[in-house]
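> Sequence:
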Amino acid sequence: MFKFFIIFLLSISVFTFASDDIDIEADIKIEKTLYENGKIGAEKRYENNVLEGISKSYYPNGKLFQVANYKNGKRDGEFLQYYENGKLWGRVFYKNGELDGPYEVFYKNGKPFEKIYFKNGLEDGEFLTYYENGKLAGKFYLTNGKLVTYETYYENGKLFEKFNYKNGIKNGEMVKYYESGNLKVKALFIDGKLDGVIERYNKNKKLEYKGNYKNGKKEGLHESFDKEGKLWRRTEYVNGIKNGIDEYYVEGKLTSKVNNVNDKKEGIMELFLPDGQLLSKIPYKNNLENGTAYYYSKGTLLAEVKYKDGKLDGVVKQYYKNGKLEYIKNYKNGQLDGISEFYSEDGKLISKKIYKDGNLIEN
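Counting with mature numbering (1 follows the signal peptide of the UniProt record, and there is no 0), you get residues -18 to -1, 1 to 345 for the letters of the sequence shown.
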């Protein structure tokens, strides 16, 4: 997509010349420089060793490259630059060395690329940019070099994005659209920062994201949705940091929920199947598993697991589907440590093992 920029016409010749031919008449000097092929590279007029009047430069094939007017050593008046095929590349105007007046740049096919007006070296007024086919690509308005409005367009003529500015800083509503014309993003800026509700939609007009910002940071509830528009995630923020609920969904059904405090999990995390069945309850403290976690299958307890600072620590029990104990193990700092016992489905002890620091010492 179009990017906002201005191409400044070259201020000096890009060529290296082989020799000089200088004619002197009183205090006026005409300086000519030549290419190695003998063709003129540039002609400059000086008065009292200061550029004055018309200066020209040429391509190696002899075609005109630039024409500039000088007054007291500074560009003043019309400045022209050409493509090597002879087509006009750009026309701008200077006053006392600063851009002042119309500024136009063209494609090789002669169609306009940029049009803007300068005043005292700063962009002032409407600024238009075009695609090579002649269709409008961007429309902007500036005052004293600062943006007031900003609009860009697709080649089909549909609006792509629109911003409002105050003192050159984004301020007010911002909208972006798909090439079809459907809304893509809607947001509000205050003093260059997001402030208020932002909404983002997919190509099928389904809401993808919605959340509130305050002074450029996320604030309050933020929601994301799948391509069908069904809820996928809900997260609460305070001053740009996760604080409060953090939930995930599949097909709009809750599958995970936990509480955040200063961007860290705190409290019980619960996991669910899309049909609502509870899978697990895992306690967190300072973003690490801490305490006894419970795991389920179709409402039946499958395991009890103890954690400390994110590592297995303490008794771990796993059960058969009939509720009978399958095994009991002891952990310390994430490693097997102590007695491990294994049972059959009818409750009989099958084997016993003893571990120390993760190593089997008795079987």
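Think of the hints as simulated: they come from the structure by calculation, not from any bench.
Model, not experiment: these values are computed from the prediction.
Positions of the beta carbon are idealized from the N, C-alpha and C atoms, including for glycine.
Careful, some of the hints might be misleading.
For lysine-lysine, the following PhoX-like pairs were computed, each having C-alpha atoms within a straight-line distance of at most 20 angstroms [stated by the list, open to error]:
1. LYS152 - LYS121
2. LYS26 - LYS14
3. LYS192 - LYS140
4. LYS338 - LYS306
Computed spacing ranges between beta-carbons, pair by pair [to be verified]:
5. LYS263 - LYS140: 47 to 57 angstroms
6. LYS187 - LEU270: 38 to 48 angstroms
7. LYS293 - LEU260: 50 to 60 angstroms
8. LEU110 - LYS56: 19 to 29 angstroms
9. LYS293 - LYS263: 55 to 65 angstroms
10. ARG215 - GLY79: 31 to 41 angstroms
11. LEU165 - LEU270: 37 to 47 angstroms
12. PHE324 - LEU283: 13 to 23 angstroms
13. ILE36 - GLY68: 11 to 21 angstroms
> All hints are to be evaluated individually against the structure, with a verdict given for each.
We went through each hint and held it up to the structure:
1. Using a Cα cut-off of 20 angstroms, the hinted pair LYS152 and LYS121 holds, with the two alpha carbons roughly 16 angstroms apart.
2. About 7 angstroms separates the Cα atoms of LYS26 and LYS14, which keeps this hinted pair within 20 angstroms; it holds.
3. Our distance criterion of 20 angstroms between C-alpha atoms is broken by LYS192 and LYS140, whose separation comes to about 24 angstroms.
4. For the hint linking LYS338 to LYS306, the alpha-carbon distance of about 27 angstroms lies beyond 20 angstroms, and the restraint is violated.
5. Evaluation of the 47 to 57 angstroms hint for LYS263 and LYS140 yields a pass: the beta carbon distance comes to about 51 angstroms.
6. A C-beta distance of roughly 42 angstroms is found between LYS187 and LEU270, which places it inside the suggested range of 38 to 48 angstroms.
7. A hinted range of 50 to 60 angstroms for the beta carbons of LYS293 and LEU260 is inconsistent with their spacing of about 24 angstroms.
8. At about 28 angstroms, the beta-carbon gap between LEU110 and LYS56 stays in the expected band of 19 to 29 angstroms.
9. The hinted window of 55 to 65 angstroms between LYS293 and LYS263 is violated, with their beta carbons roughly 18 angstroms apart.
10. For the hinted restraint 31 to 41 angstroms between ARG215 and GLY79, the CB-CB distance of approximately 57 angstroms leaves it violated.
11. Remark: the range hint 37 to 47 angstroms for LEU165 to LEU270 is upheld by a beta-carbon distance near 42 angstroms.
12. Checking the proposed 13 to 23 angstroms range against PHE324 and LEU283 shows it holds: the Cβ atoms sit about 18 angstroms from each other.
13. Checked against the hint of 11 to 21 angstroms, the pair ILE36 and GLY68 passes, with Cβ atoms roughly 19 angstroms apart.
Hints 3, 4, 7, 9 and 10 from the earlier list are contradicted by this structure; the remaining hints agree with it.
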